[in-house]
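**Student:** For chain Z, the structure is supplied; the task is to place chain G on it using the hints.
Line order of the protein sequences matches chains Z and G. Its first residue numbered 46, the first sequence is counted upward by one per residue in my numbering. Its first residue numbered 2, the second sequence is counted upward by one per residue in my numbering.
Derived by calculation from the structure, the hints in this document are not laboratory data. Certain hints may be false.
[Unchecked claim] Going by beta-carbon spacing under 10 Å, a handful of chain Z positions derived as facing chain G:
| hint | residue |
| --- | --- |
| 1 | G99 |
| 2 | V105 |
| 3 | L185 |
| 4 | G189 |
| 5 | T270 |
[Stated by the list, open to error] Far from chain G, some chain Z residues (derived; all Cβ distances over 12 Å):
| hint | residue |
| --- | --- |
| 6 | N74 |
| 7 | A76 |
| 8 | S77 |
| 9 | K79 |
| 10 | R81 |
| 11 | L194 |
| 12 | L207 |
| 13 | A217 |
| 14 | G222 |
| 15 | L266 |
| 16 | L293 |
| 17 | A296 |
| 18 | K308 |
[Claimed, not checked] Covered stretches of chain G (chain Z as the covering partner; in silico rule of three or more C-beta atoms under 8 Å from a C-beta of chain Z):
| hint | region |
| --- | --- |
| 19 | 57 to 71 |
| 20 | 88 to 95 |
| 21 | 99 to 108 |
Ideal Cβ placement from N, Cα and C applies to all residues, glycine included.
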Amino acid sequence: MSNAFFVVWRESLEAFLIAGILYAWLQANDASGKGRRALFGGLAAGAGLALLLGWALLTVQDELTGEALEIFQTATLFVAAGLITQMVLWMRKHGRQMKARLHAELSTAAERSGYLGVAVVAALAVAREGAETVIFLYGLAQGGEMQALAFGALAGFAGAGLTAWLAARSLARLNIGLLLRLSSILLLVLASALLISGIDRLIGAGWLPALLDPVWDTSLLIDDTTKGGKLIADFFGYRARPALSSLLVWAAYWGIVLIAWRKTRHG
Amino acid sequence: MKHALHSVVFTIFLASTATVGSAGPAIADDIPTFRLLMKDGRILPETLEVPAQTRFRLEVKNEGPGAAEFESLELKKELVLAPGVTRTTVFAPMKPGTYKFFDDFHPETGQGRFVVK
Chain Z
46 MSNAFFVVWR ESLEAFLIAG ILYAWLQAND ASGKGRRALF GGLAAGAGLA
96 LLLGWALLTV QDELTGEALE IFQTATLFVA AGLITQMVLW MRKHGRQMKA
146 RLHAELSTAA ERSGYLGVAV VAALAVAREG AETVIFLYGL AQGGEMQALA
196 FGALAGFAGA GLTAWLAARS LARLNIGLLL RLSSILLLVL ASALLISGID
246 RLIGAGWLPA LLDPVWDTSL LIDDTTKGGK LIADFFGYRA RPALSSLLVW
296 AAYWGIVLIA WRKTRHG
Chain G
2 MKHALHSVVF TIFLASTATV GSAGPAIADD IPTFRLLMKD GRILPETLEV
52 PAQTRFRLEV KNEGPGAAEF ESLELKKELV LAPGVTRTTV FAPMKPGTYK
102 FFDDFHPETG QGRFVVK
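Excised from the complex, chain Z in its bound form (with noise of 0.2 Å):
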């Protein structure tokens, strides 16, 4: 049963994380309340899309229908992380230019698609570990357990809830410079760790040389097969034995990522 609790926990946190974070956000950022609804909106439509990407999983039996799900899933890795960090930028201009009284000249349309940003990261969030907690739950259904089933479900639910909600009632106190700051920098850290989520999919498909690998080996320290280290590696994207090309992928990124937060400051 706590393994139950355990398991739902760690693969509904990200999601939950993610929409306290932006809920703190736009808390703060947006009196209209259509953030908010885009981003309620957003996590309705991504847990529809786990329950059909997790009935997909369960049909799959054959390597080709197989391989055509990792694609999607591997996509979806890369397009969250993508539009998080756009995002993230996006929450950066905008919080500026709100905190400006700029906020009647914003247009319209830029705005749109902001709140429909949210939407999706929101529902991409939700989609993606959402689908293997469907399998789970499922799982323990299968097996009549519906002891932990329910157990691990509510509980599971309820904890991460719990700690998202912490993480955003402790964001929100911040004054708003901080608030923005380091909601940022959790998102990006996320993202990043999706990045290399994806990079690792597609060099274990094949389609990516891994260069050199393993660069190193930190198992010792960290070792990330266990309980613990698994969920630094979800949500930091750390790797005990990296590959050359995703520290090269990573390290892309973080440039790209401080060169366009740099040049959100002067511009």
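**Tutor:** Here is chain G on its own, set in the frame of chain Z:
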């Protein structure tokens, strides 16, 4: 941003459809197949010996009860399996050594390794 979204959704669609048609080298039939059984939070056998520098196919079957997720960060593979489901994946040639894998849904009991010789 809106434009970027459109192109991104389109790209996913393209990628998903295009690659199904040309799944290519991954489903070559002349490569050795190894089998793993996931059962009740455990992986059987826990040690799987595979040849070095050889592309091979791994067939993972989840006998349940419960779902399983075969995963190896080291080998960069992840397969989610509902109970009763069998999925296969192809591994690129490996250097000799030991490579760990685990059941991400049962990290405490489901641990195993490839011994590549």
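**Student:** A separate judgement is required for each hint: does it hold in the structure or not?
**Tutor:** The hints, checked one at a time:
1. G99: Cβ of Z:G99 sits 9 Å from chain G, so the hint holds.
2. V105: Interface hint status for Z:V105: holds (7 Å vs cutoff 10 Å).
3. L185: Since chain G brings a Cβ to about 6 Å from Z:L185, closer than 10 Å, the hint holds.
4. G189: For Z:G189, the interface hint holds, since the closest Cβ of chain G sits about 7 Å away, which is under 10 Å.
5. T270: OK, holds: Z:T270 within 10 Å of chain G, min 5 Å.
6. N74: At roughly 16 Å from the nearest Cβ of chain G, Z:N74 sits farther out than 12 Å, so the non-interface label holds.
7. A76: holds, 21 Å
8. S77: At roughly 18 Å from the nearest Cβ of chain G, Z:S77 sits farther out than 12 Å, so the non-interface label holds.
9. K79: holds, 15 Å
10. R81: Correct as stated: the minimum Cβ-Cβ distance to chain G is 18 Å, above 12 Å.
11. L194: violated, 10 Å
12. L207: Holds, since 22 Å exceeds 12 Å.
13. A217: holds, 25 Å
14. G222: It holds; Z:G222 is separated from chain G by about 23 Å at its closest Cβ, greater than 12 Å.
15. L266: At roughly 15 Å from the nearest Cβ of chain G, Z:L266 sits farther out than 12 Å, so the non-interface label holds.
16. L293: holds, 15 Å
17. A296: holds, 18 Å
18. K308: holds, 16 Å
19. 57 to 71: holds (count 6)
20. 88 to 95: holds (count 5)
21. 99 to 108: holds (count 7)
Checked against the numbered hints above, the structure violates only hint 11.
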